[in-house]
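Going down the list, the sequences are from chains P and A.
Residue numbers for the first sequence follow this note's numbering, so the first one is 296 and each next one is one higher.
Residue numbers for the second sequence follow this note's numbering, so the first one is 417 and each next one is one higher.
Hints were generated in silico from the structure; no laboratory data involved.
None of these values were measured; they are calculated from a predicted model.
Some clues are possibly wrong.
Calculated from the model, a selection of chain P residues having no Cβ within reach of chain A, i.e. all distances over 12 Å [what the hints assert, rightly or not]:
no.: 1; residue: 319
no.: 2; residue: 376
no.: 3; residue: 384
no.: 4; residue: 468
no.: 5; residue: 475
If you anchor each label on the Cβ, the simulated ranges turn out as follows [to be verified]:
no.: 6; chain 1: A; residue 1: 611; chain 2: P; residue 2: 380; range: 28 to 36 Å
no.: 7; chain 1: A; residue 1: 477; chain 2: P; residue 2: 473; range: 52 to 60 Å
no.: 8; chain 1: P; residue 1: 319; chain 2: A; residue 2: 427; range: 52 to 60 Å
no.: 9; chain 1: P; residue 1: 307; chain 2: A; residue 2: 614; range: 48 to 56 Å
Glycine included, C-beta positions come from ideal geometry on N, C-alpha and C.
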Amino acid sequence: MNSRTHRYTDSRKRIWILVAFPLLLVLVLPGIALLLSAGLPAVWTAVSDPIFKEALLLSLKTSILSLGLIFFFGIPMAWWFAQSDSRVARILEALVDLPVIVPPAVIGIGLLQAFGRNGIFGKVFDHWDWGIPFTFWAVILAQVVIAAPFFIRSAVVAFRELDQELIVVARTLGHSPLQILTRVVIPMSRTGWVGGLTLAWARALGEFGATLLFAGNMPGVTQTVPLAIYSALERDVHVAVALSLLLCALALVLLFLLRKFFVPVSLKERP
Amino acid sequence: MTNWSAQFEFSRGDLELKVDLQGADRPLALIGANGAGKTTVLKILLGIETPSSGHFRCGEKLLYSSEKSICVDPENRRMAYLPQGCGLFPHLDVLDNVGFGLQTQKGFSVSEVKKLSLQALEELDVSHLKTRNPIQLSAGERQKVALARVLTMRPEMILLDEPVSALDIMARREVREILSEQLLELKIPAVLVTHDVRDVRELSADVALLDKGKISLQGCYKEISERRGDEKLHPFLKEFLGDFN
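Same shape as in the complex, but just chain P (with noise of 0.2 Å):
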């Protein structure tokens, strides 16, 4: 490559980079004003909070629920899909990703459409006296719904990019449908799914619209971190940021766990 050459493509780069500077920017702004706003003595004081404790406790434990759900309820869904030629699966398959368009706020009044006491099925479970709406199993239905999509999305693009000969051959090895998803299908996509789990669990974790719709915002009932966030902005502002930027915390420290001990080093890798 020549000396011209090599000045052609570095201008090149330099104004990809131009173009893209804006929108990195955006993109990083808020984080770098969190942190640089939040002093050590806030962020003391929003963890000492009992409000945050609780509220923190709340958001771990409903979004690790959730996300249990979603696993073992997607995981059939996921595969279904990616092996059916039906036309319902596929309307339901577009069907799944209707949360991810919709904003939350919507599917918070759906879920009390179909869930309040004067909903659709409001009024079965209300013969029960089984309320779901402003409580712990509200925040549970509104992540599940929010989040599920990320997951499913995923793992049918992963299942689909399986090598059916392998499952051929796990049947002809006398592996029951079952045994071929737990044996084989589940863990060869793994890398796939887990990229999806990962994303369902910060949408979940960070989930607010609907929550605040069909859960409600009750200290120690329903109120996820998220929506402590919203109620400390009308207390003190300092620990409104404070406690986003532990949860921005939380999440990559989660984040980075999940990924860490269930994304196998890439086969490809390997010595």
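Please build the complex by placing chain A on the supplied structure of chain P, with the hints as guidance.
Only chain A this time, still in chain P's reference frame:
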């Protein structure tokens, strides 16, 4: 040696099959142009694809019969399948790959599965690869490991889809020799999809030509090769037999 027979009709998209095959004491080499439906025939025999009508019997076992509404699941047919890419699982090491089929069979403890898998690897001189990942193996090594897995299964029939096509010349010769020995020893039916007449010769296989969805010819290699000069011989067969005697 077990006799087997398959007669079925199958249709999907442009592919229409009307197949009638029999086999006994010799492996059967299924030949034909690309897209003729050879692999689909294997998948139908395995039970992965279901024909619209017909039957498939292996020995005393009726594995498929549209008349009697019988269709045994692939996992219960005890038929080993060796696909083109060997079908080794990249998330398992060689030993676990070989023992994969035994795990589902009743009466085998974990240690017995390991012992039998190791025995099969030793039989093919590849026991030193037991802790390796299939991705780290050469094409020839992969083929031997896949064969070891087939051996541990003690299947009632073996189906091979172009088993040596991905190998270099030396590895091809070696794998053909191993296949020939093992098929002779196991004394079970085998169907082999191939484009190479050397596979047919080395395995002393019968030949069946799949053309336009039908078996246009089935017979012994020696008899077919003697008809090389026959003008009526199918052009594909003439090309397939090439310069080999």
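> Within 52 to 60 Å or not, the Cβ separation of residue 477 of chain A and residue 473 of chain P?
Replying inline: Violated: the Cβ-Cβ distance is about 24 Å, outside 52 to 60 Å.
> Non-interface claim for residue 384 of chain P: all C-beta distances to chain A beyond 12 Å?
Replying inline: Check passes; 19 Å lies beyond 12 Å.
> Would the least Cβ to Cβ distance between residue 376 of chain P and chain A come out above 12 Å?
Replying inline: Correct as stated: the minimum Cβ-Cβ distance to chain A is 20 Å, above 12 Å.
> Is the distance from the Cβ of residue 307 of chain P to the Cβ of residue 614 of chain A consistent with 48 to 56 Å?
Replying inline: Hint holds: Cβ distance 53 Å, inside 48 to 56 Å.
> In this structure, is the beta-carbon distance linking residue 319 of chain P and residue 427 of chain A contained in 52 to 60 Å?
Replying inline: 56 Å, holds
>> Assuming the hint says 28 to 36 Å, is it satisfied by the Cβ distance from residue 611 of chain A to residue 380 of chain P or not?
In response: Given about 30 Å between the Cβ atoms, the range holds.
> Is the Cβ of residue 468 of chain P more than 12 Å away from each Cβ in chain A?
Replying inline: 4 Å, violated
> For residue 475 of chain P, which was marked as not at the interface, is the minimum beta-carbon distance to chain A over 12 Å?
Replying inline: 9 Å, violated
>> Confirm or reject: residue 319 of chain P is not an interface residue toward chain A, with every Cβ-Cβ distance exceeding 12 Å.
In response: 37 Å, holds
Violated hints, in rising order: 4, 5 and 7; the structure is consistent with all others.
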